[in-house]
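*Asks:* So the protein sequences, as listed, match chains F and X. Its first residue numbered 1, the first sequence is counted upward by one per residue in this note's numbering. Its first residue numbered 1, the second sequence is counted upward by one per residue in this note's numbering.
One or more of the hints may lead you astray.
If several chains are the same, the list does not tell them apart, and a pair holds so long as it fits within one copy or across any two.
[Said to hold, decoys possible] Keeping only pairs whose Cα atoms sit at most 27 Å apart, straight-line, the calculated DSSO-like set for lysine-lysine is:
1. 156 / 183
2. 176 / 156
3. 53 / 120
4. 103 / 183
5. 176 / 103
6. 156 / 28
7. 65 / 182
8. 182 / 120
9. 28 / 183
10. 91 / 28
11. 53 / 176
12. 4 / 156
13. 65 / 4
14. 182 / 53
15. 103 / 156
16. 26 / 176
17. 65 / 156
No lab work stands behind these hints, which were simulated from the structure alone.
Protein chains: 2
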Amino acid sequence: MTGKITLGPMPYMSVMPAVLVGSNVKGKPNYMTAAWATVASMAPPMVCVAINKVRYTAQGIEENKTFSLNVTSSNQVIETDYCGITSGSNKDKSGVFTSFYGKLGTAPLAQECPVNIECKLFSSVDCGSHLLYIGEVIEIHADENSVTDGKPDIRKINPIVYAQATYFDVGAETGKAFSDGKKFQQ
Amino acid sequence: MTGKITLGPMPYMSVMPAVLVGSNVKGKPNYMTAAWATVASMAPPMVCVAINKVRYTAQGIEENKTFSLNVTSSNQVIETDYCGITSGSNKDKSGVFTSFYGKLGTAPLAQECPVNIECKLFSSVDCGSHLLYIGEVIEIHADENSVTDGKPDIRKINPIVYAQATYFDVGAETGKAFSDGKKFQQ
Numbered sequence: 001m002t003g004k005i006t007l008g009p010m011p012y013m014s015v016m017p018a019v020l021v022g023s024n025v026k027g028k029p030n031y032m033t034a035a036w037a038t039v040a041s042m043a044p045p046m047v048c049v050a051i052n053k054v055r056y057t058a059q060g061i062e063e064n065k066t067f068s069l070n071v072t073s074s075n076q077v078i079e080t081d082y083c084g085i086t087s088g089s090n091k092d093k094s095g096v097f098t099s100f101y102g103k104l105g106t107a108p109l110a111q112e113c114p115v116n117i118e119c120k121l122f123s124s125v126d127c128g129s130h131l132l133y134i135g136e137v138i139e140i141h142a143d144e145n146s147v148t149d150g151k152p153d154i155r156k157i158n159p160i161v162y163a164q165a166t167y168f169d170v171g172a173e174t175g176k177a178f179s180d181g182k183k184f185q186q
Numbered sequence: 001m002t003g004k005i006t007l008g009p010m011p012y013m014s015v016m017p018a019v020l021v022g023s024n025v026k027g028k029p030n031y032m033t034a035a036w037a038t039v040a041s042m043a044p045p046m047v048c049v050a051i052n053k054v055r056y057t058a059q060g061i062e063e064n065k066t067f068s069l070n071v072t073s074s075n076q077v078i079e080t081d082y083c084g085i086t087s088g089s090n091k092d093k094s095g096v097f098t099s100f101y102g103k104l105g106t107a108p109l110a111q112e113c114p115v116n117i118e119c120k121l122f123s124s125v126d127c128g129s130h131l132l133y134i135g136e137v138i139e140i141h142a143d144e145n146s147v148t149d150g151k152p153d154i155r156k157i158n159p160i161v162y163a164q165a166t167y168f169d170v171g172a173e174t175g176k177a178f179s180d181g182k183k184f185q186q
């Protein structure tokens, strides 16, 4: 083990997902790439996503109080990155994916994405440059062939892992949670 | 493309990190495994982590208004999982890692973890079963040999990717963010 150094405060997380935040803005579906997303609660099921206040997507969430998180696959890196570098304010992104709607009616879901998380806005927290949107998961939509035993299957989805401005595949299995810890000996 | 099916509402995210939430509880360092963590804001830098209300760790965060997120490496799967299946309320976990303290003085940092994110509590949101703790990043501590050009380096850290109760390695690079999207053609 080498020594510790300090790097200063920065917005860091080791690994992140790459999702498309779907919202209807001015009546049209729009998708924005986000990596700062995770689960916020088990019961009721909630997720959260941090979005820069100036983003076009934020307008749509504020307007409809609904949004979606669409999980992208590693074979969708180009579309995923395109939705991250292009703003809906000057480019219509409604044709990048085929949109459909679920229970809420106003949260666009991207047909081509293997999993779509349909959310009703629960709360938003002003964190400075970003708003942290917390949404209750109202429904999970998934491609039939991305599901095993009623749950999304990571090996069928092949989701993008995002870190340090790079997209990665998920690698080899290294352990089982709620199990491997039993081997620990102090 | 096959058809879409609905799976019902559930707390789902495609891929997640595995971090240890460090907090001092009753004066002793304690580490709890969490996967529901991400960045919440760029400026000021903030991170968030969802923790079940009944967790011992929650007591420590409420008491000190500080916590840490410690990034674990794939070679620490056993210790990581141990801290997830064992509660500090009935087992002293202070000896699993060597603790040190940074600027805040009350957020324990695990020496053996390649990156330590030291946080001051900014806000907590009651989401039902879980509290979403949002913390301002006060300092990033890292092993010298886990850093490249002043930033944590994923290839040196080899962080754990968590999904569906399984730990994974980070796989092959599949693309460059803020770049590959330029190839998109509609």
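*Asks:* Under a CA distance limit of 27 Å, which applies to residue 156 and residue 183: within one copy, between copies, both, or neither?
*Replies:* This pair counts as between: shortest inter-copy Cα distance 25 Å, intra-copy 30 Å.
*Asks:* How would you label the pair residue 91, residue 28 (within, between, both, or neither) given a Cα cut-off of 27 Å?
*Replies:* within (12 Å within a copy, 54 Å between copies)
*Asks:* From the Cα coordinates, with 27 Å as the cut-off, is the pair residue 156 and residue 28 best called within, between, both, or neither?
*Replies:* neither (30 Å within a copy, 43 Å between copies)
*Asks:* When Cα atoms must be at most 27 Å apart, do residue 26 and residue 176 count as within-copy, between-copy, both, or neither?
*Replies:* For residue 26 and residue 176, the Cα distance exceeds 27 Å both inside one copy (45 Å) and across copies (31 Å).
*Asks:* Given a CA cutoff of 27 Å, do residue 53 and residue 120 count as a within-copy pair, a between-copy pair, both, or neither?
*Replies:* both (19 Å within a copy, 22 Å between copies)
*Asks:* Are the CA atoms of residue 28 and residue 183 at most 27 Å apart within a copy, between copies, both, or neither?
*Replies:* For residue 28 and residue 183, only the inter-copy Cα distance (24 Å) is at most 27 Å; the intra-copy one is 53 Å.
*Asks:* Have a look at residue 65 and residue 156 and pick one of within, between, both or neither, based on CA distance no larger than 27 Å.
*Replies:* neither (31 Å within a copy, 41 Å between copies)
*Asks:* Evaluate residue 103 and residue 183 at a C-alpha cut-off of 27 Å and name the case that applies: within, between, both or neither.
*Replies:* neither (45 Å within a copy, 34 Å between copies)
*Asks:* One pair to classify: residue 176 and residue 103, alpha carbons no more than 27 Å apart. Within, between, both, or neither?
*Replies:* neither (35 Å within a copy, 35 Å between copies)
*Asks:* Cα distance capped at 27 Å. Does residue 65 pair with residue 182 within a copy, between copies, both, or neither?
*Replies:* Cα proximity of residue 65 and residue 182: none, with 44 Å in one copy and 31 Å across.
*Asks:* Is it within a copy, between copies, both, or neither that the alpha carbon of residue 182 lies no farther than 27 Å from that of residue 120?
*Replies:* neither (39 Å within a copy, 32 Å between copies)
*Asks:* Tell me, please, which holds for residue 53 and residue 176 at an alpha-carbon limit of 27 Å: within, between, both or neither?
*Replies:* Only across copies: residue 53 and residue 176 sit 25 Å apart there, 38 Å inside one copy, limit 27 Å.
Consistency with the previously given hints fails for numbers 4, 5, 6, 7, 8, 16, 17, ordered from lowest to highest.
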